[in-house]
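**Q** Single-letter residue listing:
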Amino acid sequence: MDPMVRIRGLHKRYGETEVLRGIDLDVPAGSVMCIIGPSGSGKSTLLSCINHLERIDGGRLWVGGDLVGYRERNGRLYELPERQVAGMRQKVGMVFQQFNLFQHMTALQNIIEAPVQVKRVRPAQARQRAMELLDRVGLAAKHAMFPAQLSGGEQQRVAIARALAMDPQLMLFDEPTSALDAELVGEVLAVMKDLARSGMTMMVVTHELAFAREVGDELIFMDAGLVIERGAPREVLGAPKERRTRDFLSRVL
Amino acid sequence: MAEDPPAPQIVVPLRHPWTWLASALVVLIAGLVLFSVATNPAFEWPVVAQYMLDGQILLGLSRTLELTVAAMLIGLAIGTVLAIMRLSRNPLLSTLSWLYIWFFRSVPVLVQLIFWYNFAALYSTITLRVPFGPVLYAANTNTLITPLFAALAGLGLAQAAYTAEVIRAGIVSVPHGQTRAAKALGMRPMPIFRRIVFPQAMRVIIPPVGNEVISMVKSTSLVSVIALAELLYTAQLIYSRTYETIPLLIVASLWYLIIVSVLTAGQHVLERRYRQR
Numbered sequence: 001m002d003p004m005v006r007i008r009g010l011h012k013r014y015g016e017t018e019v020l021r022g023i024d025l026d027v028p029a030g031s032v033m034c035i036i037g038p039s040g041s042g043k044s045t046l047l048s049c050i051n052h053l054e055r056i057d058g059g060r061l062w063v064g065g066d067l068v069g070y071r072e073r074n075g076r077l078y079e080l081p082e083r084q085v086a087g088m089r090q091k092v093g094m095v096f097q098q099f100n101l102f103q104h105m106t107a108l109q110n111i112i113e114a115p116v117q118v119k120r121v122r123p124a125q126a127r128q129r130a131m132e133l134l135d136r137v138g139l140a141a142k143h144a145m146f147p148a149q150l151s152g153g154e155q156q157r158v159a160i161a162r163a164l165a166m167d168p169q170l171m172l173f174d175e176p177t178s179a180l181d182a183e184l185v186g187e188v189l190a191v192m193k194d195l196a197r198s199g200m201t202m203m204v205v206t207h208e209l210a211f212a213r214e215v216g217d218e219l220i221f222m223d224a225g226l227v228i229e230r231g232a233p234r235e236v237l238g239a240p241k242e243r244r245t246r247d248f249l250s251r252v253l
Numbered sequence: 001m002a003e004d005p006p007a008p009q010i011v012v013p014l015r016h017p018w019t020w021l022a023s024a025l026v027v028l029i030a031g032l033v034l035f036s037v038a039t040n041p042a043f044e045w046p047v048v049a050q051y052m053l054d055g056q057i058l059l060g061l062s063r064t065l066e067l068t069v070a071a072m073l074i075g076l077a078i079g080t081v082l083a084i085m086r087l088s089r090n091p092l093l094s095t096l097s098w099l100y101i102w103f104f105r106s107v108p109v110l111v112q113l114i115f116w117y118n119f120a121a122l123y124s125t126i127t128l129r130v131p132f133g134p135v136l137y138a139a140n141t142n143t144l145i146t147p148l149f150a151a152l153a154g155l156g157l158a159q160a161a162y163t164a165e166v167i168r169a170g171i172v173s174v175p176h177g178q179t180r181a182a183k184a185l186g187m188r189p190m191p192i193f194r195r196i197v198f199p200q201a202m203r204v205i206i207p208p209v210g211n212e213v214i215s216m217v218k219s220t221s222l223v224s225v226i227a228l229a230e231l232l233y234t235a236q237l238i239y240s241r242t243y244e245t246i247p248l249l250i251v252a253s254l255w256y257l258i259i260v261s262v263l264t265a266g267q268h269v270l271e272r273r274y275r276q277r
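As you go down the protein sequences, you meet chains A and B in turn.
Oh and the first sequence: position 70 is 70 in the numbering used here, straight run, nothing missing.
Oh and the second sequence: position 45 is 45 in the numbering used here, straight run, nothing missing.
Hint data in this document are derived by calculation from the structure and do not stem from the laboratory.
It is possible that part of the hints are untrue.
What the hints assert, rightly or not - Derived pair list, reagent style SDA-like, types lysine to any residue, alpha-carbon separation capped at 25 Å: (1) K119/A to R203/B; (2) K142/A to R83/A; (3) K91/A to H176/B; (4) K119/A to R273/B; (5) K241/A to F198/B; (6) K142/A to M190/B; (7) K142/A to P189/B; (8) K119/A to P189/B; (9) K91/A to Q178/B; (10) K119/A to F198/B; (11) K91/A to G177/B; (12) K142/A to Y274/B; (13) K119/A to Y137/B; (14) K91/A to M190/B; (15) K142/A to L34/B; (16) K119/A to R180/B; (17) K119/A to Y274/B; (18) K193/A to E214/A; (19) K91/A to R194/B; (20) K91/A to R195/B; (21) K91/A to P189/B; (22) K142/A to R273/B; (23) K91/A to R203/B; (24) K119/A to N140/B; (25) K119/A to Q178/B; (26) K142/A to P199/B; (27) K241/A to E218/A; (28) K241/A to G177/B; (29) K91/A to Y274/B.
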């Protein structure tokens, strides 16, 4: 069976700097891949390439067997128009470090926006589903609150519910707990654990090594735009083979 | 051992004798001015009262309000397009928008109004035709560009230049993360702008647009130079007949005061509502 995400020879540049310098990865369906590494190592950029929020400069990338952002014909890649990319993005949920909830909408409105506008789900039906999702992240009582009235942890749980409302096949988490006060990290990780247990394919950029060890099926360590080391989280964290991995772990532990 | 509570300290606030003196002086001057305004017969207050609700004046007033609304709508519509062009990645579009804003903000509105009014001297007929093909529409410029048309063009096009900058600032104020989140959910560019970016930009756009509406009310008086019977020109028409210049200017001024006061109050309400979230 095709992996959910397949990445071959991925390159990404910002002007002169090469942020990603040839990434090859497979993420099997239903698995959880955690990505760690120092800041500037390219891990967040890697996630943004997977749903084409960032255009890639080389290599290829497939989600669910479909080439992302391009159409291939006669050995050439043609960039797809934004509306076709939008169609592909529906399959991929994304959760951001800064939550990025729509500030002018309530929690409930945030969640039903895309299903109603993009998938044309009937509003009543979308609301019912949104309430189920809010209940799942423990926030049904706060459905009428605006983001500014919610704590960081609550906002992030709403953001997860918002992504799930599109029934994605893949969830991307870009440092979901990095902007949170320490006492709020747990509630977000609990929701993510629950999601992993339900069989969702997940890619998680994180600094929460305990989470990676407990939930991750695979852990990759990135540095300077390359995957330096990969393997079962227990092995990479417990007995890192590469010097750079050891250096990084000794700094964060 | 119980101690006696300390005796309460007496605090003597600092006196400000000069502030008191200045206040007294200001009150005195204001009183004198008010007294003079009330008693100088040249103000002709009875005439002011007589014309306040005069039919002709009220007609001029409604024309002023119509002009304000219409010119603002034109300004908002074209201004939105200009703002989007200005933010476009296409350098031709953003340069064109920049040029428009530069031109219409640099030439005084009064000059623009007179220009539009005399457009017939530039092009005597206006023709709409397929390039090198048949004529679809042709008209004499003087019948097409009425004083009303000239007024709306002059006020509206200039307003668009100002509004464009306000709207651009509003759009830029919305964090990029909002667009990224909407994209990640599979939304397309137009709905992202319409449903996510624009409503949030409104919070930044509304207060300055309120100011623009208020200054537009006053700008409409410029239209009097092209003989459009708004509030000021109506007053002028009457006093050129009756020679009651001052009282009629007071009538016009009072109406401007009333409109602007009402609008200012409305602006306060709107601002408070938009600040809440």
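**Q** Now look at each hint and say whether the structure bears it out.
**A** Cross-check of the supplied hints:
no. : hint             : verdict
1   : K119/A to R203/B : violated (28 Å)
2   : K142/A to R83/A  : violated (33 Å)
3   : K91/A to H176/B  : holds (22 Å)
4   : K119/A to R273/B : violated (32 Å)
5   : K241/A to F198/B : violated (51 Å)
6   : K142/A to M190/B : violated (30 Å)
7   : K142/A to P189/B : violated (30 Å)
8   : K119/A to P189/B : holds (15 Å)
9   : K91/A to Q178/B  : holds (19 Å)
10  : K119/A to F198/B : holds (21 Å)
11  : K91/A to G177/B  : holds (19 Å)
12  : K142/A to Y274/B : holds (22 Å)
13  : K119/A to Y137/B : violated (45 Å)
14  : K91/A to M190/B  : holds (20 Å)
15  : K142/A to L34/B  : violated (58 Å)
16  : K119/A to R180/B : holds (18 Å)
17  : K119/A to Y274/B : violated (30 Å)
18  : K193/A to E214/A : holds (9 Å)
19  : K91/A to R194/B  : holds (23 Å)
20  : K91/A to R195/B  : holds (21 Å)
21  : K91/A to P189/B  : holds (18 Å)
22  : K142/A to R273/B : holds (22 Å)
23  : K91/A to R203/B  : violated (32 Å)
24  : K119/A to N140/B : violated (52 Å)
25  : K119/A to Q178/B : holds (19 Å)
26  : K142/A to P199/B : holds (22 Å)
27  : K241/A to E218/A : holds (15 Å)
28  : K241/A to G177/B : violated (37 Å)
29  : K91/A to Y274/B  : violated (35 Å)
In terms of the numbered hints stated before, the structure departs from hints 1, 2, 4, 5, 6, 7, 13, 15, 17, 23, 24, 28 and 29, listed from lowest to highest.
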